[in-house]
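Start from chain C and add chain B according to the hints.
Take a look at the letters that make up each chain.
There are 2 protein chains.
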Amino acid sequence: MALRHYTLDFNLSAPADCPSTVRGLHSIFQEQEMTETVHDTEGHGYLATFIGKNGRLVILRVHSQGLVTVDLQCCEGDNIAQVDNLLNALEKKLKSLLHGNIRGVKRLPALTRGAAVDRYWPTADGRLVEYDIDRVVYDEDSAYQNIKILHSQQFGNILILNGDVNLAESDLPYTQAIMGRGKENYTGKEVLILGGGDGGILAEAVKLNVYIDQMVIDGCRTHMRKACGSVLDNLKGDCYQVRMTVLSIALFLRRDGTFMVYSVSDSTWEFLQLILDLSIKVLRPTGKYFTQGNCANLTEALALYEEQLGRLSCPVDFSKEVVCVPSYMELWVFYTVWKK
Amino acid sequence: MALRHYTLDFNLSAPADCPSTVRGLHSIFQEQEMTETVHDTEGHGYLATFIGKNGRLVILRVHSQGLVTVDLQCCEGDNIAQVDNLLNALEKKLKSLLHGNIRGVKRLPALTRGAAVDRYWPTADGRLVEYDIDRVVYDEDSAYQNIKILHSQQFGNILILNGDVNLAESDLPYTQAIMGRGKENYTGKEVLILGGGDGGILAEAVKLNVYIDQMVIDGCRTHMRKACGSVLDNLKGDCYQVRMTVLSIALFLRRDGTFMVYSVSDSTWEFLQLILDLSIKVLRPTGKYFTQGNCANLTEALALYEEQLGRLSCPVDFSKEVVCVPSYMELWVFYTVWKK
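Sequence order for the protein chains is C and B. The first sequence stops at residue 340 when you use UniProt numbering, and every number in between is there. The second sequence stops at residue 340 when you use UniProt numbering, and every number in between is there.
Next comes chain C alone, as it looks inside the complex (with noise of 0.2 Å):
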């Protein structure tokens, strides 16, 4: 079962008048059918439950301070018409209630918690962003990690893992980014990739090692072969070959731009630090070493980042730049490193 939460919230210019604004919304829970519990706050302002059928609850705060707040619950089969009709009622009477006195009134779109199909997949800053997801795709725990790929009407199927959200068949822009934005020629070259495997590198490249979770490659292979095409089907191909290695230490990057480590290391950048050196010492000296960083508000993880660089066996120079990933919902920052 899953449960729609709705908010609606009154920010009011001064305290609300407390018993006149509660008695006049009386008339709509009675209506209702609704139980009301009237709470002692210990001088925290009003507080008012009501219970009604099909298991809705009503909460409702007059806080002193100038914040009028209304929950309501309902399970998700619920009868949604007679539910917005309630919420209608009460911020119609509200607003005729505190008329003079409203700066601002907020009725959010409605929380959907406990859903099999879950849409909220907070960003790499920590907020709070719903998804156009309708259907889990594919969802499997490996050994390593979770992994779900998910539906999206219009970024098309998503890769979670461990709940963070790596890429989408709309995420061209990150694989570009990825590779140089086209200012590289690939001819000839050997590329090593670390982490990849929904794919998408591999689609776009031409030589390559890679050590991964087979179970990442199996569930992109089948769905998200906008993606990667077809280049998982096969794990060798005239000029690339897919290694699965799975080393002591775990090579799999995760959105935050650090490593997951399962053994070696219980230090995350101590470990980035460690794959970072040993990346760079494999690196020819023309080679170009690419990688994303993290999102472009995380401005202190990015400075971190930017330190370890400095402090690599050998010395490099890197550029940056911050591309829009369109499934990320925040802007990212990737990395250019080359050999001084």
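Wrong hints could be hidden among the right ones.
Said to hold, decoys possible - As a list, the in silico EDC-like pairs of lysine to aspartate or glutamate whose alpha-carbon atoms are at most 20 Å apart: (1) C/K53 x B/D78; (2) C/K106 x B/D132; (3) B/K106 x C/E306; (4) C/K106 x B/E76; (5) B/K95 x C/D141; (6) B/K106 x C/D134; (7) B/K288 x C/D164; (8) C/K281 x C/E321; (9) C/K226 x B/E321; (10) B/K106 x C/D164; (11) C/K106 x B/D141; (12) C/K106 x B/E42; (13) C/K106 x B/E140; (14) B/K106 x C/D139; (15) C/K95 x B/D141.
Stated by the list, open to error - Some chain B residues near chain C, calculated using beta-carbon distances under 10 Å: (16) A2; (17) F10; (18) Q153; (19) T299; (20) E300; (21) L302; (22) L331.
Simulated from the structure, these hints should not be mistaken for lab results. Quick reminder that beta carbons are idealized off the backbone N, C-alpha and C, glycines included.
Positioned in the frame of chain C, the structure of chain B alone reads:
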């Protein structure tokens, strides 16, 4: 004042053993010196409210069909670490009490309710999204609409008209899309911009007539300079002229693809048809009419718009493309229309 509202939900394989679950949490609420009220739900599971110091409120529901929900509301000034600890304790305890029966646990980023800086601006397709807005730059009512310019850490200043996100300083892709994505040569061409008070298009184009809300111009000239540059500083340049004409029919194009109408017509689609028809009539035979359509998910509204294109007094053809506008949090459809 503002309220922080936390949610913590457990999706279960089978209904929870209600008495033992509730009993198991008691010590936590007792430690917090919270006062419990158990409610009669008329057979719709267990519902208890707990009221603690500083106006803290917890709502615990054990639904009969395999869902446990926890709501925690506290004032914004409350001790965040303490509140986090309480929620952590509840999550940990519930995980142990429901062990073996848990399909999913969801703890969303807290909703902030009633804040002076509103971070929630739903998408055109009605999804809840939280922006990284940290301050109100401008907030005024003109004779026609509410005009907000809010600062986002990643997108820069965002223009919001009557609650619809219109354009952010990050949104060059919008301006590029509505100008034909670099495929049009504007040299020596006459350009008429309908809407466009943010100056983004004007900043890119050459000669034009704009019917516009003076207050949108004023706000954007000052606060959206990354989008409009200096073109709004003077209403007449060497090759452009800004005409403020508030017609008896008002020409403000909204994000949902409709116009705001203040007189003449009470049917938005009818009005849109009129504007479209007039626009195509004044279009040169080789001219192009660029317009934004709607969000990619509102397929019915898009179909309706395309139907309207088929009913103009001059027959037209059109093409469309889907564009990722950074601050929109959803893909957007743009149309190019020309005379057959």
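Earlier hints that do not hold, by number: 1, 3, 7, 8, 12, 20, 21
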